[in-house]
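Enquirer: Spelled out, the chains give:
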Amino acid sequence: MSSIKIELRQEDVSKIKEICASFNNDPQELINVLHKCQEHFGYLPAEVQEVISTELNVPVAKIYGVVTFYSFFTMTPRGKHPISICMGTACYVRGAEKVLEEFKKELGLQVGQTTPDGKFSLSSLRCVGACGLAPVVMIGDKTYGRVAPDDVRNILKEYENY
Amino acid sequence: METITLTIDNKKVDVPRGTTILKAARQLGIDIPTLCYMELHDMNIENRPAGCRICVTEVQGRRNLAPACATKCEDGMVVKTHTTRVLNARRTVMEFILSDHPKDCLICPKSGNCELQSMAHKLGIREIPGAEIAAMSTYRKDTSPSIIRDLDKCIMCRRCEMMCNDVQTVGALSAVNRGFMAAVAPAFEQNLEHSPCTYCGQCVAVCPTGALTEVDHTPEVLRVLADPTKTVVVQTAPAVRAALGEEFGMKPGTLVTGKMVTALRALGFDYVFDTDFAADLTIMEEGTELLDRLNRYLKGDKTARLPILTSCCPGWVNFFEYYFPDLKEVPSTAKSPQQMFGAIAKSYFAEKIKVNRKDLVVVSIMPCLAKKYECQRDEFSVDGNRDVDFSISTRELAAFIKQANLDLNNLEEGEFDAPLGESTGAGVIFGTTGGVIEAAVRTAYEIHTGKKLDRIDFTELRGLEGVRQAAIDFDGLEVRIGIAHGLGNARKLLNDVREGKSQFHAIEVMACPGGCIGGGGQPLHHGNSEIIKARAAAIYEEDRKKPLRKSHENPFIIKLYEEFLGKPNSEKAHHLLHTKYFEKKKKIIVKQ
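Chains C and V supply the protein sequences, listed in that same order. Going by my numbering, the letters in the first sequence line up with residues 725 to 886, in that order. Going by my numbering, the letters in the second sequence line up with residues 25 to 616, in that order.
Relax, there's no trap hidden among the hints.
The calculated EDC-like cross-link candidates involving lysine to aspartate or glutamate, where the alpha carbons are at most 20 Å apart (straight line), are:
{"no.": "1", "chain 1": "V", "residue 1": "Lys525", "chain 2": "V", "residue 2": "Glu502"}
{"no.": "2", "chain 1": "V", "residue 1": "Lys608", "chain 2": "C", "residue 2": "Glu774"}
{"no.": "3", "chain 1": "V", "residue 1": "Lys608", "chain 2": "C", "residue 2": "Glu771"}
{"no.": "4", "chain 1": "V", "residue 1": "Lys47", "chain 2": "V", "residue 2": "Glu63"}
{"no.": "5", "chain 1": "V", "residue 1": "Lys47", "chain 2": "V", "residue 2": "Glu26"}
{"no.": "6", "chain 1": "V", "residue 1": "Lys104", "chain 2": "V", "residue 2": "Asp38"}
Hints are computed from structural coordinates only; laboratory data are not their basis.
Please construct the entire structure, taking both the sequences and the accompanying hints into account.
Expert: Put into structure tokens, the structure is as follows:
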């Protein structure tokens with residue numbers, strides 16, 4: 725796990741409290757609270773979990789346990805351009821794995837990691853519902869269809885100046 | 025309650041509806057093997073994640089195998105506990121668990137006392153298919169002042185998690201990660217030292233494998249015993265004598281006080297003393313403090329904080345310093361008996377035998393792992409020299425005795441040395457829940473009323489319920505007493521204190537279920553609460569046998585005050601025998 729020590733600003737703390745309060749600070753709602761917090765912050769750093777722990781009165785070890793159990797939750801900030809490679813059945817049989825390998829090689833990342841400059845992060849997901857375009861890659865909101873490993877470098881070039 | 029009848033292994037059994045197959049089988053004397061399951065029924069403690077699947081059984085008419093720990097009996101059910109299908113399933117489960125477990129049993133601290141090892145033996149595992157290619161977790165070891173975590177040996181039974189969260193409400197440990205990396209750890213996988221851990225050691229007490237063990241201080245003790253320039257003094261806590269015999273095959277509840285003294289002398293300790301002496305001393309200080317606060321309170325002094333809380337238990341001290349720092353003025357300022365002993369040994373006794381405190385080594389034998397941490401606290405040393413140098417557990421002492429080629433069974437009864445070895449029955453009962461406050465009542469009553477107690481046994485303060493209360497008549501003054509053992513129970517009483525709702529004048533807290541007799545450093549109970557009950561009975565038996573049973577009648581305590589301390593709560597007593605508490609700041613340290 726990489727080191728991400730963030731200082732929460734007062735408004736961040738207020739936001740987390742507001743999210744917790746919207747679920748009546750109910751410990752049973754932990755997963756919903758985590759979803760909302762990840763939606764807001766993009767990830768769930770330790771400090772955010774600490775605040776949730778106080779608000780919901782759940783030990784922070786338990787919260788960390790939930791965050792590390794569900795692969796949707798992440799403690800690593802996503803890049804400015806989050807890259808998702810579909811590994812659903814259709815994409816997989818049409819070579820998504822090779823595409824993923826190419827992204828890993830080009831960016832020097834493993835799945836779940838973010839480049840040191842914060843520009844790209846790499847993740848894999850299951851079926852985006854565009855099987856006709858398999859294999860599919862998404863970068864931010866933009867979808868790329870029928871991606872071949874040879875296309876990867878050109879795709880990344882599009883983001884050179886952003 | 026409705027009774028139902030079922031058949032297990034061709035035997036009929038009647039059980040109340042809601043009983044599990046496991047318990048029904050036990051009623052028939054059929055011991056279905058379990059691994060993650062654990063129950064201490066006298067204390068309402070149960071771990072039943074139904075995770076390991078070792079306890080599977082075949083139920084007629086059911087497609088899949090049923091875990092006995094989590095499957096409720098039905099009327100007319102037919103259960104088989106050792107069919108070929110069951111035995112094969114059990115073996116396969118065990119092979120999977122072992123494929124992701126280190127194979128270093130020869131040098132594992134838990135070897136010989138490991139439930140996983142025993143289970144592999146019981147199931148006749150002779151090979152682990154695919155062991156050489158199986159993925160394994162790779163956690164670094166975490167060594168805290170008291171506890172070592174070796175997570176590669178974690179089998180996810182989650183007993184420690186249950187003890188830490190449900191029983192103790194400490195919340196230091198939780199299941200984290202998935203698959204091969206699944207383990208039980210503090211938040212963000214930090215070290216225990218950076219978690220709310222109180223070092224109560226209940227996680228260690230229930231861990232079936234070598235994943236959680238204590239920090240072994242015997243090598244250091246061996247070194248000082250071999251050093252001719254050192255005078256080495258040992259003190260033994262009350263609960264040790266009621267449990268040590270178990271490690272030598274004796275029946276639980278066998279008192280081994282005299283044999284233990286002989287063993288310690290044979291190991292080479294120069295003076296064999298008793299923490300019970302310091303327990304008597306604690307009563308003098310804590311009892312006086314109680315009466316002082318009570319009298320001031322009754323006179324309307326608003327600064328007198330009641331209830332007074334006992335402060336003998338280092339796990340409990342860590343707990344309130346972390347979770348109730350706003351109440352840190354409420355507990356008694358009296359040090360624990362271990363630390364009172366150290367302070368007196370390295371002042372009064374060192375002067376008496378004309379040895380510099382730097383050349384006097386104090387070793388304690390404790391049923392406790394938090395004592396290891398306690399003796400390392402900064403406030404308990406003088407110029408870097410600790411009052412208590414090393415603390416070893418009952419288990420470590422047993423191993424130490426065995427290494428010296430001694431069998432406790434064959435040893436003569438010895439006597440403690442004077443002056444710090446003399447104690448009363450009041451000092452002995454410190455080892456069990458309710459004992460500290462009973463000892464305090466015996467002394468406080470006589471000091472307050474000036475009258476002699478008619479009865480010495482306060483049975484209303486005894487027992488194993490998690491929270492108990494009693495009102496004791498101090499000759500017209502009703503003193504209301506609360507008792508909690510297990511930190512979750514203590515939390516309930518503390519919440520009342522915080523909210524100003526507590527009706528008690530004094531509260532005794534011990535962190536471990538059952539008190540020190542159930543401590544994290546005791547011989548492992550492997551989920552048998554009868555053992556803890558037997559130890560409690562042994563403690564009360566030792567108390568009954570003592571000629572003196574009230575702390576203030578201990579002649580060596582009387583002499584200590586005459587010669588050295590003056591009177592209880594004197595300035596000198598305050599300096600040596602009292603302490604203060606600190607807020608344990610929550611530190612967020614993110615793993616690098």
